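Chains Y and C, in that order, give the protein sequences.
All residue numbers for the first sequence refer to our numbering, where the first residue is 6 and numbers rise by one.
All residue numbers for the second sequence refer to our numbering, where the first residue is 6 and numbers rise by one.
Just so you know, these hints were derived from the structure itself, not from any lab.
Some hints could be false.
For identical chains, the list gives no copy identity; a pair is met inside one copy or between any two copies.
Claimed, not checked - Subject to a maximum C-alpha distance of 20 angstroms in a straight line, what follows is the list of computed EDC-like cross-link-like pairs (lysine to aspartate or glutamate):
1) K67 x D92
2) K67 x E93
3) K289 x D111
4) K289 x D109
For clarity, every value in this text was computed on a predicted model and none was experimentally measured.
2 protein chains.
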Amino acid sequence: MAKLLSGKEVAENISAELNARAEDLKARGYSPCLSVIRIGDRPGDCSYERGAVRRCETAGIKCMTHHLPKDVSQDELLSLIDELNGDESVHGVLLLRPLPRGMDEDLVVNRLRPEKDVDCMTDLSMSGLLSGGRNRFMPCTAEAAMAFFDYYGIDSTGMNAVVIGRSLVFGKPAALMLVNRNATVTVCHTRTRDLPSITRQADILITAAGHANTVTAEHVSPGQIVIDVGINAGEDGRLCGDAAFEDIKDIVGAITPVPGGVGAVTTSILARHVIEACEAAAGKRDNGNGLTEKEIYSAI
Amino acid sequence: MAKLLSGKEVAENISAELNARAEDLKARGYSPCLSVIRIGDRPGDCSYERGAVRRCETAGIKCMTHHLPKDVSQDELLSLIDELNGDESVHGVLLLRPLPRGMDEDLVVNRLRPEKDVDCMTDLSMSGLLSGGRNRFMPCTAEAAMAFFDYYGIDSTGMNAVVIGRSLVFGKPAALMLVNRNATVTVCHTRTRDLPSITRQADILITAAGHANTVTAEHVSPGQIVIDVGINAGEDGRLCGDAAFEDIKDIVGAITPVPGGVGAVTTSILARHVIEACEAAAGKRDNGNGLTEKEIYSAI
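Generate coordinates for the entire structure from the input sequences, incorporating the hints supplied.
Below, the structure written as structure tokens:
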């Protein structure tokens, strides 16, 4: 049986670290704060909001929720973003998406100031993935996958990492992060030919295809580390990942379960970003003009 | 002997297309214009400037060069960028880098308006690589490599592409572009283990390591397409690429020579960006508020 890589353990470890940092901030007179903007009442949004708020509060972060009616105008939404941009007591903003039809999503998301963009939705945040990521917050789920390597002491240098999926929110960011972590990285997707022959060569296999049974026994090799980012409904209606867990658990070396894997860590990363944003704001205020924003970020 | 993929042919094809577009712009009363900013007199900068100006003028683009002394202050440079940002007759700005020591390169490059950033140096331009590249100009050399596929009718869908190099100006952008072109993409670099075993599996091998003899007979397989982005000085002092051309030319299926390969196309892409920037500006002016900037860009 493969070693189980526990999202709960990773998340608890991050929470403990964040609590200490939140205490330190409070001792200096700063109260880390996340604003969540939710439009309408989609069940997925409500559930993600509950999870994010719970996790942030556990980490010592104050949460303010803004619920807008589903027929809210784009101008009203922009006004709220402007207000939160200008509010020094708000350090991070999470805007649940997709936005209602008819809104210019590009325009709306890029209205947020990048230093408050804890969920990496703005173009400027995205650019940090290419330039090395020092000054910007990275996409939470991709960073959550990386958190497993940090917690379990896995150095990906020189390893062959294969990422299944090329989305903007996970596949591409995760691939760039792995390249920055010195892995040799292959990006596979729906147009890839002979996926099993490629995935079998991986030391690290990260799957974010969004389909159950994307990774079966023929896709894996002994000793591999499998990070399963999929969150799917299985044939029995129960939550499952992209990997056929029962089929591969006795072949691979280590695997994240679903649920209890990467998904359990994503909101911890969100919380970490809020703490970092608050630390950056605090550093800036405490230091006056002594440090540039860049220096403060790189010191985090 | 492999088929030679000629940069000269690709560049001439692009120039012919650009000439027609430049004529069309002139008939509508617009004169595409590139401003080049060079600080000091480094030979590499002077030579790149000459090449860029020559190519742009061939394509029907007016060039203005701004030569600043090497002890120019950052404020003076920023003032020039601000002036060019506000000058409607200037459609693209090329700033030769690296900047003098002591300047804040992040601050300076991001001062340029993205719609004039024909060399993809700003963070906002870079973000276009992730979001699909519709609204922004891509790095010229990476796009030059892709131009070979377009000219020679090579559809990379489902092909295995291997990129050697993970730089911000070439490796990462080229990898993302290839993913967007439906290739299965592997990024290799100095920390990659057993490079030959990986490169031999490629259908498309793109090398941008910056070292002569990075790709030798043991790295290649019959039928491969090799795109050589290296520009190095060989042992005999002559210009050469990353690939040991003589060693592999009878093994692979197609190869770009150095000189006369990718390097010959880079300035054509720069010229294309200037034309596109002028077309976008013209479309915006002609259409008043009828089209959003995004719609104009996506129609290009």
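Here is how each hint holds up against the structure:
1. K67 x D92: Close inside one copy (14 angstroms), not across copies (46 angstroms); limit 20 angstroms.
2. K67 x E93: within (14 angstroms within a copy, 47 angstroms between copies)
3. K289 x D111: Only across copies: K289 and D111 sit 18 angstroms apart there, 29 angstroms inside one copy, limit 20 angstroms.
4. K289 x D109: This pair counts as between: shortest inter-copy Cα distance 18 angstroms, intra-copy 33 angstroms.
In summary, this structure violates none of the numbered hints.
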